[in-house]
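Residue numbers (the numbering used here), protein chains in the order written: chain A, 1 to 448; chain B, 1 to 501.
Check each hint, because a few of them may be wrong.
Claimed, not checked - 16 Å max Cα-Cα, derived EDC-like pairs, lysine to aspartate or glutamate:
{"#": "1", "chain 1": "A", "residue 1": "221", "chain 2": "B", "residue 2": "124"}
{"#": "2", "chain 1": "A", "residue 1": "231", "chain 2": "B", "residue 2": "207"}
{"#": "3", "chain 1": "A", "residue 1": "254", "chain 2": "A", "residue 2": "269"}
{"#": "4", "chain 1": "A", "residue 1": "253", "chain 2": "B", "residue 2": "203"}
{"#": "5", "chain 1": "A", "residue 1": "233", "chain 2": "B", "residue 2": "203"}
{"#": "6", "chain 1": "A", "residue 1": "259", "chain 2": "B", "residue 2": "215"}
{"#": "7", "chain 1": "A", "residue 1": "254", "chain 2": "B", "residue 2": "203"}
{"#": "8", "chain 1": "A", "residue 1": "327", "chain 2": "A", "residue 2": "269"}
{"#": "9", "chain 1": "A", "residue 1": "260", "chain 2": "B", "residue 2": "207"}
{"#": "10", "chain 1": "A", "residue 1": "321", "chain 2": "A", "residue 2": "298"}
{"#": "11", "chain 1": "A", "residue 1": "259", "chain 2": "B", "residue 2": "203"}
{"#": "12", "chain 1": "B", "residue 1": "213", "chain 2": "A", "residue 2": "210"}
{"#": "13", "chain 1": "A", "residue 1": "253", "chain 2": "B", "residue 2": "222"}
{"#": "14", "chain 1": "A", "residue 1": "238", "chain 2": "B", "residue 2": "208"}
{"#": "15", "chain 1": "A", "residue 1": "251", "chain 2": "A", "residue 2": "269"}
{"#": "16", "chain 1": "A", "residue 1": "233", "chain 2": "A", "residue 2": "252"}
{"#": "17", "chain 1": "A", "residue 1": "321", "chain 2": "A", "residue 2": "301"}
{"#": "18", "chain 1": "A", "residue 1": "327", "chain 2": "A", "residue 2": "301"}
{"#": "19", "chain 1": "A", "residue 1": "260", "chain 2": "B", "residue 2": "222"}
{"#": "20", "chain 1": "A", "residue 1": "251", "chain 2": "B", "residue 2": "203"}
{"#": "21", "chain 1": "A", "residue 1": "196", "chain 2": "A", "residue 2": "269"}
{"#": "22", "chain 1": "B", "residue 1": "304", "chain 2": "A", "residue 2": "298"}
{"#": "23", "chain 1": "A", "residue 1": "259", "chain 2": "B", "residue 2": "222"}
{"#": "24", "chain 1": "A", "residue 1": "234", "chain 2": "B", "residue 2": "207"}
Unchecked claim - Label pairs and their computed distance ranges (CB to CB):
{"#": "25", "chain 1": "B", "residue 1": "286", "chain 2": "A", "residue 2": "118", "range": "24 to 34 Å"}
{"#": "26", "chain 1": "B", "residue 1": "286", "chain 2": "A", "residue 2": "305", "range": "43 to 53 Å"}
{"#": "27", "chain 1": "B", "residue 1": "241", "chain 2": "A", "residue 2": "202", "range": "38 to 48 Å"}
Rather than coming from a laboratory, the hints here were simulated on the basis of the structure. Ideal placement from N, C-alpha and C gives every residue a C-beta, glycine not left out.
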Amino acid sequence: MLAGLFLSLPTAADHLGPVPSPLLAGEQAVAIRAERVILRPGEELENGTILIERGRIVAIGKDLAVPEGARVIEGAVACAGFIDPWSSLGLDPSSAADSNSTPGTRSIDALDPWHRVHERQEALRGGVTAARIQLGRTSPFAGIGALVQTDEGSKPVVVLEDACMAGSVGITRSGRSPDVFDRVSEVDRLIGALEKGKRYREAQIDFRKELEKWLKAITEKTTELEKDFKKAKKDREKEEKDAKEKAKEFKEKKYKEDKKPRRTRPDPDDEAMARAVEGELPLVVEVHRASEIRRLLEKTEPFERLRLVIAGGTEALSFAKELVVRKIPVIVYPTPLGVGRADEYEAHDPALAGELARAGVRVLIGSGGGANARELRFLAALAVGHGLDHDQALAAITTAPAQVFDASARIGALAPGCSGDVLVFDGDPLDTRSGLRFVVAHGLVVVQ
Amino acid sequence: MNAIPMRSLVRTLLCSVALGAFPLAQSDQKLIIEAGRIMTQAGPDIENGRILIEGGRITAIGTQAEVEKPWDALVLGGPKLVAFPGFVEAHTSQGMDRPNENIDVAPFLDIRDSIDPVAYFFEDCLRYGVTTINVQQGGNCVVGGRGMIVRPVGMTVEEMTVRPLFGMKLSTRPKSGKSRATQMQALRFAFDDLRTYLEDLVEKEKDEQGYAKREALFQGRDLEAEKAEGRALANATWKLEGLELIPRGALDERYAPLVELLEGRYTAFIHCNDPLDVDHALELARKHGLLAKTVLVLEDDCWKAAELIAEAGVPAVLEGSLTHVERDPITGVEKETFVPGVLHAKGVRFALSSEDPNTRAPAYQAALAVGGGLDRQTALDAVTKVPAEILGLGNEVGSLEKGKLANVLLFSGDPLSITAWVEHVVIEGKPVYERAKDLRNKHLLEGVQPPNTAPPSKADEEKEFEQGEHSDADKKDAEKDDKGNEKKDDAKDEKKEGGGR
Chain A
1 MLAGLFLSLP
11 TAADHLGPVP
21 SPLLAGEQAV
31 AIRAERVILR
41 PGEELENGTI
51 LIERGRIVAI
61 GKDLAVPEGA
71 RVIEGAVACA
81 GFIDPWSSLG
91 LDPSSAADSN
101 STPGTRSIDA
111 LDPWHRVHER
121 QEALRGGVTA
131 ARIQLGRTSP
141 FAGIGALVQT
151 DEGSKPVVVL
161 EDACMAGSVG
171 ITRSGRSPDV
181 FDRVSEVDRL
191 IGALEKGKRY
201 REAQIDFRKE
211 LEKWLKAITE
221 KTTELEKDFK
231 KAKKDREKEE
241 KDAKEKAKEF
251 KEKKYKEDKK
261 PRRTRPDPDD
271 EAMARAVEGE
281 LPLVVEVHRA
291 SEIRRLLEKT
301 EPFERLRLVI
311 AGGTEALSFA
321 KELVVRKIPV
331 IVYPTPLGVG
341 RADEYEAHDP
351 ALAGELARAG
361 VRVLIGSGGG
371 ANARELRFLA
381 ALAVGHGLDH
391 DQALAAITTA
401 PAQVFDASAR
411 IGALAPGCSG
421 DVLVFDGDPL
431 DTRSGLRFVV
441 AHGLVVVQ
Chain B
1 MNAIPMRSLV
11 RTLLCSVALG
21 AFPLAQSDQK
31 LIIEAGRIMT
41 QAGPDIENGR
51 ILIEGGRITA
61 IGTQAEVEKP
71 WDALVLGGPK
81 LVAFPGFVEA
91 HTSQGMDRPN
101 ENIDVAPFLD
111 IRDSIDPVAY
121 FFEDCLRYGV
131 TTINVQQGGN
141 CVVGGRGMIV
151 RPVGMTVEEM
161 TVRPLFGMKL
171 STRPKSGKSR
181 ATQMQALRFA
191 FDDLRTYLED
201 LVEKEKDEQG
211 YAKREALFQG
221 RDLEAEKAEG
231 RALANATWKL
241 EGLELIPRGA
251 LDERYAPLVE
261 LLEGRYTAFI
271 HCNDPLDVDH
281 ALELARKHGL
291 LAKTVLVLED
301 DCWKAAELIA
311 EAGVPAVLEG
321 SLTHVERDPI
331 TGVEKETFVP
341 GVLHAKGVRF
351 ALSSEDPNTR
361 APAYQAALAV
371 GGGLDRQTAL
381 DAVTKVPAEI
391 LGLGNEVGSL
401 EKGKLANVLL
411 FSGDPLSITA
421 WVEHVVIEGK
431 PVYERAKDLR
441 NKHLLEGVQP
451 PNTAPPSKAD
461 EEKEFEQGEH
471 SDADKKDAEK
481 DDKGNEKKDD
491 AKDEKKEGGG
501 R
């Protein structure tokens, strides 16, 4: 509408679209040879070679020619780097724990590459090469989360600036456990915000339509007026003359036209919610109890394009059927009883992931929103120990998070074109006895 | 009645034009400053030097053989004293009623309404030889108000003013109650909101023009001819691309200062608490084309982003401690970093500030910097030349040169020596401070009781009680005397002013 105006003032839309940042280029080519290359869970290659150049996987196959000068790494098992779908790794702690965030607050703003480097180093040593980082853990509206590759340096490698919208319902906030009314009203508040976002988007679309109609009408009218101008001028002169002769006051003809439609005022919060409603971003809701899950599922049903993701989901098993039908994934934080976030409702059952997966629900495994992403592999192994299928467990920390957060073309699997994030183990990745020998993150050997 | 609109008119005129320095009221009195050594900060030192000051400016400077002494000049100084240019404070949030209002985005505020001419801070500035001070709002804001440059003399803000409406405060450091993410959200919203407002305004203007055109077509009027007749008075418009249609007066007062900032009228002082804030601040400055007029106000942790600052080429004011202490989160080992050393090594131009909680004296800050390993000239520049340039007063203050303002300090020894005192302060040719007459200093060091500050004797109290019987007003005055404080201040300031002249 006002294209080209205010060059010095970037538009609100500038930071709303996903902006893939260029992958950091590892200067040296890396070739990884492994007896077992897990391309993606369930799809393996024996005695394969992975070739990484300038941060990306360029080729995978048997008997690949290794270019001169490339660094060669050899090991037993190679698989894609892990993705933590529920983390605040690398976020400024005050933002990670912020309870005042709104839907428009952006996690990427709080990504602090200068401090707590050791947490990221540990995550890399644990094989976590990417994470969905989310601020506002105790806020009902946690804002927009980002998908970021783990990096020790001062320049973060961002996969997706806007990876999801997040919120929470019925969790303990600043030490206060919500009562049953709080819990119900929190669901309603979330739904209210979604509805507001929906109306906002509809109003925008209506406005655009109306404006187009108005502009068309006005253009037609202008052409008509220009055509009739000579006549109008003659008429006016005549009327003016007549008025003078009759000693009357000359009155201009009243001009009328339709009012131009006015746009709704841009609102970052409504905009963010609208993107969730339209399914442009998945909506991750941390919810534990059956009563809230039931209400949430019931109330979100009318939003057809909404891509709901449940985080936590302690009592989600009762709704497995609906979760399967509506393709709602669950991010599970499997911990041994009594370990983990003591403030949360019940313990996070280590068997939950297996039970959900057996019922057909897509399961993701995350480290619970804290900064200790390094234990991700062991959480997956724990879930395997409590009945989760091995390949599903591996998928829960690689391909599944990449797919849910729309980054499967770039991370989560070993395929040409993907980011060069490769882990080399001396045994099975989910066997707690096998050691992690090498970590290659975006083409750089960061752990050996 | 007439005086009020006149005065406000004058003020608007003064404010609407970007002005140079506002001079201190001058008399014809010439002043000679003689010193055993003049550290000009603009070349080699001058032994046994003499400075001639006329009309508030230095008209001659050199050895006593070179500069003649007019017969009618006042003479200040002595062979044991060292003359030095007045220190320049590139950024402070002191001397105000309070540093911040509780409003996130408040560019419409003006420090002028908050400056307190009798604040102890300004008295201390004289004591420590600070002669030019840039007062800006505190860092506890998202977009703060506009600041001003003052001199620490005068009983009214007008008298103190060197440059009104100078600089605007922004902060990427989280305001209290905000986290880093919500701070950035608020900052972004401030500019997005401005953009929305301007877009709507421009669109409305265009719509009105379009309507007028169609109306004229309909009514058979010749709009172009009418326009040509009435074009005599063209309004001044904004110098921002896309805003040409909008006359300067048409903007809402809440938004206009921000547009002025984008036009480049104000230097942006962006407060940063840690390296991430520096990153955000530079991103903000680049995004809005403010980089050429940006100054970063840094806390000590920001040294980690020194390379970013050097790359952006923006100057910095060090507000935090000169030594940054950090504990390794795993080993617990403390690591100390000498901040000015890092910044200097990376090529960042920086000014030292007396905002540091340890001291208010720039000389002490500079001495600490030398103690930490910075070379002497860089340390001295950081309290004179660099801050003067940051304030756009590089041609006026910061060194002792012919033509510059006569802001001169007379030290009893080397300015960086811990035993040297500021003996005299001359601001724009006026002697405004003399240590021998500094009562508060004497009270502290020699135990001399300033007059009218002793607790009232019994006889006095009885007398006051009797007086108090007469009327309520008298009683109030008596109570005020009892507290002693207000009375002490007044007496002090009178003494100081009198002593100077």
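Fill in: Hints the structure fails to honour
1, 2, 3, 4, 5, 7, 8, 12, 14, 15, 19, 20, 22, 23, 24, 26, 27
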